[in-house]
Amino acid sequence: MQTLTNMLSPARRAVAASTMAQIVGKAIGVLSMVAITFIIANRLGAAGYGDYVKITTYVTLFYLVADFGMNAIFLQRADDPASYPTLWYIRTIGSTILMVIALLILVLLPGTGSAGYTPTVKLGILLFSPTILLQSWVTTANAMFQKHLRYDLASWAILAGATSSVVLVYIFYSVVGASGIVPAIEALLIGSIITSAVAMVGAHYLGKPFSWRVSALGVRNMVIPSIPLAATLLFNLVYFRADSIIITLTRSTSDVGIYGLAYKVFEVVIVFPTFFMNAVYPFMVRDQQKIKRFFSQSALFLFGSSLFFLAAIWFMAPFLVYIKNDFASSVWALRVLALGLPFFFVTSATMWALIALKKQKMLMMIYGISMAVNIFGNIVFVPTYGYMAAAWMTVVGEGLVLALSARELRAGFKNL
1075 MQTLTNMLSP ARRAVAASTM AQIVGKAIGV LSMVAITFII ANRLGAAGYG
1125 DYVKITTYVT LFYLVADFGM NAIFLQRADD PASYPTLWYI RTIGSTILMV
1175 IALLILVLLP GTGSAGYTPT VKLGILLFSP TILLQSWVTT ANAMFQKHLR
1225 YDLASWAILA GATSSVVLVY IFYSVVGASG IVPAIEALLI GSIITSAVAM
1275 VGAHYLGKPF SWRVSALGVR NMVIPSIPLA ATLLFNLVYF RADSIIITLT
1325 RSTSDVGIYG LAYKVFEVVI VFPTFFMNAV YPFMVRDQQK IKRFFSQSAL
1375 FLFGSSLFFL AAIWFMAPFL VYIKNDFASS VWALRVLALG LPFFFVTSAT
1425 MWALIALKKQ KMLMMIYGIS MAVNIFGNIV FVPTYGYMAA AWMTVVGEGL
1475 VLALSARELR AGFKNL
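Read in order, the letters of the sequence shown correspond to residues 1075 to 1490 in this note's numbering.
Bear in mind the hints are in silico, worked out from the structure with no lab data behind them. As the structure is a prediction and not an experimental result, all values here were calculated from the model. Hints may contain errors.
Derived lysine-lysine pairs resembling DSS-like cross-links, with alpha carbons at most 27 Å apart [claimed, not checked]:
(1) Lys1488 - Lys1432
(2) Lys1433 - Lys1366
(3) Lys1366 - Lys1435
Simulated restraints on C-beta separations [stated by the list, open to error]:
(4) Trp1406 - Val1293: 45 to 53 Å
(5) Val1359 - His1278: 18 to 26 Å
(6) Thr1324 - Ser1289: 47 to 55 Å
Ideal placement from N, C-alpha and C gives every residue a C-beta, glycine not left out.
Start from the sequences, fold in the hints, and give me the full structure.
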(Lines of atoms letter the chains of each structure in order from A and count residues from 1; the text may use other names and numbers.)
(Lines give C-alpha, C1' and ligand atoms only; values in the text may rest on other atoms or scores of the structure.)
Protein backbone atom coordinates (compact mmCIF):
# COMPACT_ATOMS: atom_id res chain seq x y z
CA MET A 1 0.00 0.00 0.00
CA GLN A 2 1.29 3.45 -0.82
CA THR A 3 2.24 5.63 2.06
CA LEU A 4 0.54 8.96 2.57
CA THR A 5 3.70 10.70 1.42
CA ASN A 6 3.76 8.82 -1.88
CA MET A 7 0.04 9.35 -2.34
CA LEU A 8 0.42 13.12 -2.33
CA SER A 9 3.45 12.92 -4.66
CA PRO A 10 4.34 16.43 -5.98
CA ALA A 11 1.93 18.04 -3.51
CA ARG A 12 3.31 16.27 -0.45
CA ARG A 13 5.75 18.99 0.53
CA ALA A 14 3.10 21.69 0.31
CA VAL A 15 0.67 19.62 2.38
CA ALA A 16 3.32 18.73 4.94
CA ALA A 17 4.54 22.32 5.21
CA SER A 18 1.00 23.66 5.51
CA THR A 19 0.05 21.07 8.11
CA MET A 20 3.21 21.79 10.08
CA ALA A 21 2.57 25.54 9.96
CA GLN A 22 -0.93 24.97 11.31
CA ILE A 23 0.42 22.67 14.03
CA VAL A 24 2.97 25.32 15.03
CA GLY A 25 0.22 27.93 15.13
CA LYS A 26 -1.99 25.66 17.17
CA ALA A 27 0.89 24.79 19.47
CA ILE A 28 1.31 28.49 20.16
CA GLY A 29 -2.42 28.81 20.79
CA VAL A 30 -2.43 25.71 22.97
CA LEU A 31 0.48 26.88 25.10
CA SER A 32 -1.21 30.23 25.60
CA MET A 33 -4.52 28.57 26.52
CA VAL A 34 -2.72 26.21 28.90
CA ALA A 35 -1.09 29.19 30.59
CA ILE A 36 -4.35 31.15 30.74
CA THR A 37 -6.31 28.10 31.91
CA PHE A 38 -3.73 27.35 34.61
CA ILE A 39 -3.78 30.92 35.92
CA ILE A 40 -7.59 31.18 35.92
CA ALA A 41 -8.20 27.71 37.33
CA ASN A 42 -5.48 28.08 39.95
CA ARG A 43 -6.59 31.55 41.07
CA LEU A 44 -10.37 31.15 40.81
CA GLY A 45 -10.95 27.39 41.26
CA ALA A 46 -13.59 25.24 39.57
CA ALA A 47 -16.39 27.77 40.08
CA GLY A 48 -14.38 30.67 38.65
CA TYR A 49 -13.22 28.56 35.73
CA GLY A 50 -16.84 27.52 35.26
CA ASP A 51 -17.77 31.17 34.69
CA TYR A 52 -14.96 31.39 32.13
CA VAL A 53 -16.37 28.34 30.31
CA LYS A 54 -19.90 29.79 30.32
CA ILE A 55 -18.72 33.07 28.78
CA THR A 56 -16.47 31.62 26.11
CA THR A 57 -18.88 28.79 25.23
CA TYR A 58 -21.77 31.19 24.64
CA VAL A 59 -19.81 33.61 22.47
CA THR A 60 -18.01 30.95 20.44
CA LEU A 61 -21.40 29.49 19.55
CA PHE A 62 -21.66 32.37 17.11
CA TYR A 63 -18.20 31.93 15.57
CA LEU A 64 -19.20 29.09 13.24
CA VAL A 65 -22.47 30.82 12.39
CA ALA A 66 -20.39 33.77 11.19
CA ASP A 67 -18.16 31.30 9.32
CA PHE A 68 -21.20 30.03 7.35
CA GLY A 69 -19.04 27.46 5.58
CA MET A 70 -18.00 29.98 2.95
CA ASN A 71 -14.28 29.23 2.95
CA ALA A 72 -14.91 25.95 1.13
CA ILE A 73 -17.01 27.77 -1.48
CA PHE A 74 -14.36 30.48 -1.79
CA LEU A 75 -11.72 27.85 -2.60
CA GLN A 76 -13.92 26.53 -5.40
CA ARG A 77 -14.16 30.10 -6.83
CA ALA A 78 -10.74 31.41 -5.77
CA ASP A 79 -9.73 32.30 -9.35
CA ASP A 80 -12.43 34.99 -9.41
CA PRO A 81 -10.73 38.24 -8.24
CA ALA A 82 -14.01 39.43 -6.70
CA SER A 83 -14.41 36.35 -4.51
CA TYR A 84 -12.25 37.52 -1.60
CA PRO A 85 -13.75 41.02 -1.26
CA THR A 86 -17.19 39.40 -1.43
CA LEU A 87 -16.25 36.95 1.32
CA TRP A 88 -14.94 39.74 3.54
CA TYR A 89 -18.03 41.87 2.94
CA ILE A 90 -20.46 39.07 3.82
CA ARG A 91 -18.54 38.09 6.95
CA THR A 92 -18.30 41.67 8.22
CA ILE A 93 -22.00 42.42 7.80
CA GLY A 94 -23.13 39.00 8.99
CA SER A 95 -20.97 38.88 12.12
CA THR A 96 -22.03 42.39 13.12
CA ILE A 97 -25.66 41.28 12.97
CA LEU A 98 -24.77 38.16 14.96
CA MET A 99 -23.23 40.30 17.70
CA VAL A 100 -26.52 42.13 18.10
CA ILE A 101 -28.48 38.86 18.12
CA ALA A 102 -26.13 37.37 20.73
CA LEU A 103 -26.69 40.31 23.07
CA LEU A 104 -30.46 40.26 22.56
CA ILE A 105 -30.60 36.56 23.43
CA LEU A 106 -28.39 37.21 26.45
CA VAL A 107 -31.14 39.27 28.06
CA LEU A 108 -33.43 36.22 28.06
CA LEU A 109 -30.96 33.70 29.49
CA PRO A 110 -31.87 32.42 32.98
CA GLY A 111 -29.55 32.88 35.92
CA THR A 112 -29.35 33.71 39.60
CA GLY A 113 -26.64 35.26 41.71
CA SER A 114 -24.70 31.98 41.85
CA ALA A 115 -25.95 29.66 39.09
CA GLY A 116 -26.73 29.71 35.38
CA TYR A 117 -25.97 32.94 33.54
CA THR A 118 -25.16 35.17 36.50
CA PRO A 119 -24.76 38.98 36.20
CA THR A 120 -20.97 38.49 36.17
CA VAL A 121 -21.23 35.95 33.35
CA LYS A 122 -23.51 38.26 31.36
CA LEU A 123 -21.04 41.13 31.79
CA GLY A 124 -18.26 38.86 30.56
CA ILE A 125 -20.32 37.89 27.51
CA LEU A 126 -20.99 41.56 26.76
CA LEU A 127 -17.27 42.33 26.87
CA PHE A 128 -16.31 39.26 24.83
CA SER A 129 -19.00 39.60 22.12
CA PRO A 130 -16.87 41.78 19.76
CA THR A 131 -14.71 38.71 19.14
CA ILE A 132 -17.55 37.40 16.95
CA LEU A 133 -16.60 40.06 14.40
CA LEU A 134 -12.87 39.74 15.04
CA GLN A 135 -12.90 35.96 14.61
CA SER A 136 -14.85 36.28 11.35
CA TRP A 137 -12.01 38.42 9.99
CA VAL A 138 -9.47 35.80 11.07
CA THR A 139 -11.53 33.09 9.37
CA THR A 140 -11.71 35.21 6.20
CA ALA A 141 -7.95 35.68 6.16
CA ASN A 142 -7.53 31.93 6.70
CA ALA A 143 -9.37 31.32 3.43
CA MET A 144 -6.60 33.17 1.63
CA PHE A 145 -3.92 31.37 3.63
CA GLN A 146 -5.52 28.04 2.73
CA LYS A 147 -5.66 28.91 -0.96
CA HIS A 148 -1.95 29.72 -1.05
CA LEU A 149 -0.99 27.13 1.60
CA ARG A 150 0.54 29.97 3.65
CA TYR A 151 -0.56 28.98 7.13
CA ASP A 152 2.74 30.36 8.41
CA LEU A 153 1.10 33.78 8.19
CA ALA A 154 -1.76 32.51 10.34
CA SER A 155 0.79 31.26 12.86
CA TRP A 156 2.32 34.72 13.15
CA ALA A 157 -1.12 36.18 13.81
CA ILE A 158 -1.81 33.59 16.51
CA LEU A 159 1.61 34.21 18.06
CA ALA A 160 1.01 37.95 18.31
CA GLY A 161 -2.47 37.69 19.80
CA ALA A 162 -1.85 34.71 22.08
CA THR A 163 1.32 36.19 23.55
CA SER A 164 -0.50 39.43 24.29
CA SER A 165 -3.34 37.61 26.05
CA VAL A 166 -1.01 35.51 28.22
CA VAL A 167 1.09 38.50 29.25
CA LEU A 168 -2.01 40.51 30.15
CA VAL A 169 -3.62 37.66 32.12
CA TYR A 170 -0.38 37.20 34.05
CA ILE A 171 -0.12 40.93 34.80
CA PHE A 172 -3.76 41.21 35.85
CA TYR A 173 -3.75 38.23 38.23
CA SER A 174 -0.14 37.79 39.34
CA VAL A 175 1.15 41.37 39.37
CA VAL A 176 -1.88 43.58 39.93
CA GLY A 177 -3.70 40.95 42.00
CA ALA A 178 -7.04 41.19 40.20
CA SER A 179 -9.97 38.94 41.12
CA GLY A 180 -12.98 37.63 39.23
CA ILE A 181 -13.24 36.55 35.62
CA VAL A 182 -13.64 39.95 33.92
CA PRO A 183 -9.89 40.78 33.69
CA ALA A 184 -9.26 37.50 31.86
CA ILE A 185 -12.00 38.29 29.34
CA GLU A 186 -10.53 41.74 28.75
CA ALA A 187 -7.12 40.17 28.09
CA LEU A 188 -8.62 37.69 25.61
CA LEU A 189 -10.44 40.51 23.81
CA ILE A 190 -7.23 42.50 23.37
CA GLY A 191 -5.45 39.39 22.11
CA SER A 192 -8.25 38.75 19.62
CA ILE A 193 -7.96 42.31 18.29
CA ILE A 194 -4.24 41.82 17.69
CA THR A 195 -4.71 38.40 16.05
CA SER A 196 -7.33 39.69 13.62
CA ALA A 197 -5.26 42.74 12.70
CA VAL A 198 -2.14 40.69 11.93
CA ALA A 199 -4.17 38.09 10.00
CA MET A 200 -5.81 40.68 7.78
CA VAL A 201 -2.44 42.29 7.08
CA GLY A 202 -1.17 38.85 6.07
CA ALA A 203 -4.08 38.40 3.66
CA HIS A 204 -3.31 41.82 2.19
CA TYR A 205 0.31 40.70 1.73
CA LEU A 206 -0.93 37.86 -0.50
CA GLY A 207 -2.40 40.45 -2.85
CA LYS A 208 -6.02 40.70 -1.75
CA PRO A 209 -6.68 44.14 -0.21
CA PHE A 210 -9.89 44.96 1.63
CA SER A 211 -12.70 46.19 -0.57
CA TRP A 212 -16.40 46.98 -0.36
CA ARG A 213 -16.81 46.76 -4.14
CA VAL A 214 -18.98 43.69 -4.44
CA SER A 215 -22.03 42.79 -6.48
CA ALA A 216 -25.36 41.39 -5.38
CA LEU A 217 -24.80 38.48 -7.76
CA GLY A 218 -21.42 37.75 -6.19
CA VAL A 219 -22.94 37.74 -2.72
CA ARG A 220 -25.72 35.41 -3.83
CA ASN A 221 -23.28 33.06 -5.55
CA MET A 222 -21.23 32.87 -2.36
CA VAL A 223 -24.10 32.54 0.14
CA ILE A 224 -26.54 30.17 -1.61
CA PRO A 225 -24.06 27.31 -2.20
CA SER A 226 -22.82 27.76 1.38
CA ILE A 227 -26.20 27.16 3.02
CA PRO A 228 -26.01 23.33 3.25
CA LEU A 229 -22.48 23.46 4.64
CA ALA A 230 -23.41 26.33 6.96
CA ALA A 231 -26.29 24.26 8.30
CA THR A 232 -23.90 21.34 8.75
CA LEU A 233 -21.46 23.51 10.71
CA LEU A 234 -24.32 24.92 12.77
CA PHE A 235 -25.58 21.44 13.61
CA ASN A 236 -22.03 20.41 14.44
CA LEU A 237 -21.56 23.46 16.65
CA VAL A 238 -24.79 22.89 18.56
CA TYR A 239 -23.85 19.23 18.85
CA PHE A 240 -20.50 20.24 20.35
CA ARG A 241 -21.81 22.94 22.70
CA ALA A 242 -25.20 21.59 23.77
CA ASP A 243 -23.64 19.59 26.60
CA SER A 244 -21.95 22.63 28.17
CA ILE A 245 -25.12 24.70 27.91
CA ILE A 246 -27.28 21.96 29.45
CA ILE A 247 -24.73 21.47 32.25
CA THR A 248 -24.82 25.24 32.80
CA LEU A 249 -28.61 25.22 33.11
CA THR A 250 -28.99 22.04 35.20
CA ARG A 251 -25.81 21.57 37.25
CA SER A 252 -23.52 23.62 39.48
CA THR A 253 -20.94 26.09 38.21
CA SER A 254 -18.23 23.78 39.57
CA ASP A 255 -19.53 20.99 37.32
CA VAL A 256 -19.28 23.39 34.38
CA GLY A 257 -15.66 24.07 35.27
CA ILE A 258 -14.76 20.39 35.78
CA TYR A 259 -16.20 19.35 32.42
CA GLY A 260 -14.96 22.51 30.75
CA LEU A 261 -11.34 21.79 31.63
CA ALA A 262 -11.58 18.20 30.34
CA TYR A 263 -13.23 19.41 27.13
CA LYS A 264 -10.61 22.13 26.65
CA VAL A 265 -7.87 19.48 26.55
CA PHE A 266 -9.99 17.34 24.22
CA GLU A 267 -10.58 20.29 21.86
CA VAL A 268 -6.85 20.89 21.58
CA VAL A 269 -6.32 17.37 20.24
CA ILE A 270 -9.20 17.20 17.76
CA VAL A 271 -7.92 20.19 15.78
CA PHE A 272 -5.07 18.05 14.41
CA PRO A 273 -7.22 16.22 11.82
CA THR A 274 -8.81 19.53 10.86
CA PHE A 275 -5.41 21.03 10.11
CA PHE A 276 -4.36 17.98 8.15
CA MET A 277 -7.52 17.97 6.03
CA ASN A 278 -7.28 21.74 5.51
CA ALA A 279 -4.04 21.00 3.68
CA VAL A 280 -5.41 18.01 1.74
CA TYR A 281 -8.78 19.51 0.72
CA PRO A 282 -7.46 21.93 -1.97
CA PHE A 283 -5.95 18.95 -3.80
CA MET A 284 -9.23 17.03 -3.55
CA VAL A 285 -10.99 19.96 -5.22
CA ARG A 286 -8.40 20.23 -8.00
CA ASP A 287 -8.39 16.53 -8.92
CA GLN A 288 -11.79 14.88 -8.46
CA GLN A 289 -10.57 11.58 -9.89
CA LYS A 290 -8.14 11.13 -7.00
CA ILE A 291 -10.57 11.92 -4.17
CA LYS A 292 -10.99 8.28 -3.18
CA ARG A 293 -7.25 7.75 -2.94
CA PHE A 294 -6.74 11.00 -1.03
CA PHE A 295 -9.51 10.00 1.37
CA SER A 296 -8.47 6.40 2.02
CA GLN A 297 -4.85 7.24 2.76
CA SER A 298 -5.81 10.30 4.83
CA ALA A 299 -8.34 8.31 6.87
CA LEU A 300 -5.80 5.56 7.55
CA PHE A 301 -3.19 8.07 8.67
CA LEU A 302 -5.67 9.92 10.88
CA PHE A 303 -6.93 6.71 12.48
CA GLY A 304 -3.39 5.70 13.41
CA SER A 305 -2.72 9.18 14.77
CA SER A 306 -5.87 9.04 16.89
CA LEU A 307 -4.66 5.91 18.68
CA PHE A 308 -1.43 7.66 19.62
CA PHE A 309 -3.31 10.66 21.02
CA LEU A 310 -5.78 8.42 22.83
CA ALA A 311 -2.98 6.59 24.64
CA ALA A 312 -1.22 9.85 25.48
CA ILE A 313 -4.35 11.44 26.94
CA TRP A 314 -5.30 8.32 28.89
CA PHE A 315 -1.98 8.20 30.73
CA MET A 316 -1.50 11.97 31.12
CA ALA A 317 -5.03 12.85 32.28
CA PRO A 318 -4.20 12.49 36.02
CA PHE A 319 -1.86 15.48 35.73
CA LEU A 320 -4.94 17.74 35.67
CA VAL A 321 -5.02 17.60 39.47
CA TYR A 322 -1.77 19.57 39.55
CA ILE A 323 -3.67 22.62 38.33
CA LYS A 324 -5.88 22.49 41.42
CA ASN A 325 -7.43 19.66 43.43
CA ASP A 326 -10.86 20.96 42.36
CA PHE A 327 -10.25 19.32 38.97
CA ALA A 328 -9.61 15.74 40.12
CA SER A 329 -12.98 14.73 38.65
CA SER A 330 -11.91 16.06 35.23
CA VAL A 331 -9.63 13.06 34.78
CA TRP A 332 -12.28 10.47 33.96
CA ALA A 333 -14.35 12.93 31.94
CA LEU A 334 -11.28 13.50 29.76
CA ARG A 335 -10.58 9.78 29.44
CA VAL A 336 -14.13 9.10 28.25
CA LEU A 337 -13.88 11.91 25.70
CA ALA A 338 -10.56 10.46 24.51
CA LEU A 339 -12.30 7.19 23.63
CA GLY A 340 -14.05 9.10 20.84
CA LEU A 341 -10.83 10.32 19.20
CA PRO A 342 -10.78 7.63 16.46
CA PHE A 343 -14.30 8.71 15.47
CA PHE A 344 -13.43 12.42 15.45
CA PHE A 345 -10.21 11.96 13.48
CA VAL A 346 -11.73 9.81 10.73
CA THR A 347 -14.92 11.91 10.41
CA SER A 348 -12.73 14.90 9.58
CA ALA A 349 -11.64 13.00 6.46
CA THR A 350 -15.18 11.83 5.61
CA MET A 351 -16.58 15.35 5.99
CA TRP A 352 -14.11 17.01 3.64
CA ALA A 353 -14.37 14.17 1.13
CA LEU A 354 -18.16 14.62 1.04
CA ILE A 355 -17.71 18.37 0.56
CA ALA A 356 -15.29 17.74 -2.31
CA LEU A 357 -17.94 15.46 -3.84
CA LYS A 358 -20.48 18.30 -3.42
CA LYS A 359 -22.54 16.25 -0.96
CA GLN A 360 -23.16 19.18 1.39
CA LYS A 361 -26.90 18.52 1.63
CA MET A 362 -26.37 14.95 2.75
CA LEU A 363 -23.70 16.12 5.18
CA MET A 364 -26.21 18.57 6.61
CA MET A 365 -28.69 15.74 7.20
CA ILE A 366 -26.03 13.58 8.87
CA TYR A 367 -25.03 16.26 11.34
CA GLY A 368 -28.66 17.24 11.88
CA ILE A 369 -29.47 13.69 12.96
CA SER A 370 -26.42 13.55 15.21
CA MET A 371 -27.29 16.91 16.75
CA ALA A 372 -30.83 15.76 17.56
CA VAL A 373 -29.58 12.54 19.16
CA ASN A 374 -26.93 14.41 21.13
CA ILE A 375 -29.32 17.06 22.46
CA PHE A 376 -31.94 14.46 23.39
CA GLY A 377 -29.36 12.35 25.22
CA ASN A 378 -27.97 15.33 27.11
CA ILE A 379 -31.42 16.55 28.15
CA VAL A 380 -32.35 13.08 29.42
CA PHE A 381 -29.11 12.07 31.15
CA VAL A 382 -27.14 15.20 32.14
CA PRO A 383 -29.54 16.48 34.85
CA THR A 384 -29.15 13.13 36.66
CA TYR A 385 -25.68 11.89 35.76
CA GLY A 386 -23.90 15.18 35.12
CA TYR A 387 -20.83 15.76 33.01
CA MET A 388 -19.97 12.06 32.64
CA ALA A 389 -23.21 11.59 30.70
CA ALA A 390 -22.24 14.54 28.51
CA ALA A 391 -18.86 12.95 27.80
CA TRP A 392 -20.42 9.63 26.77
CA MET A 393 -22.99 11.36 24.56
CA THR A 394 -20.16 13.16 22.75
CA VAL A 395 -18.57 9.81 21.91
CA VAL A 396 -21.87 8.22 20.84
CA GLY A 397 -22.81 11.21 18.67
CA GLU A 398 -19.54 11.20 16.74
CA GLY A 399 -19.73 7.44 16.26
CA LEU A 400 -23.13 7.98 14.64
CA VAL A 401 -21.66 10.67 12.36
CA LEU A 402 -18.92 8.30 11.22
CA ALA A 403 -21.35 5.47 10.48
CA LEU A 404 -23.72 7.67 8.45
CA SER A 405 -21.01 9.58 6.57
CA ALA A 406 -19.07 6.41 5.69
CA ARG A 407 -22.23 4.93 4.20
CA GLU A 408 -22.85 8.02 2.08
CA LEU A 409 -19.22 8.27 1.04
CA ARG A 410 -19.21 4.66 -0.15
CA ALA A 411 -22.15 5.46 -2.42
CA GLY A 412 -20.45 8.63 -3.67
CA PHE A 413 -17.26 6.83 -4.63
CA LYS A 414 -19.22 4.35 -6.75
CA ASN A 415 -20.33 7.22 -8.99
CA LEU A 416 -16.81 8.49 -9.72
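Status of the hints after comparison with the structure:
| no. | hint | verdict |
| --- | --- | --- |
| 1 | Lys1488 - Lys1432 | 14 Å, holds |
| 2 | Lys1433 - Lys1366 | 14 Å, holds |
| 3 | Lys1366 - Lys1435 | 20 Å, holds |
| 4 | Trp1406 - Val1293: 45 to 53 Å | 48 Å, holds |
| 5 | Val1359 - His1278: 18 to 26 Å | 24 Å, holds |
| 6 | Thr1324 - Ser1289: 47 to 55 Å | 48 Å, holds |
Checked against the numbered hints above, the structure violates none of them.
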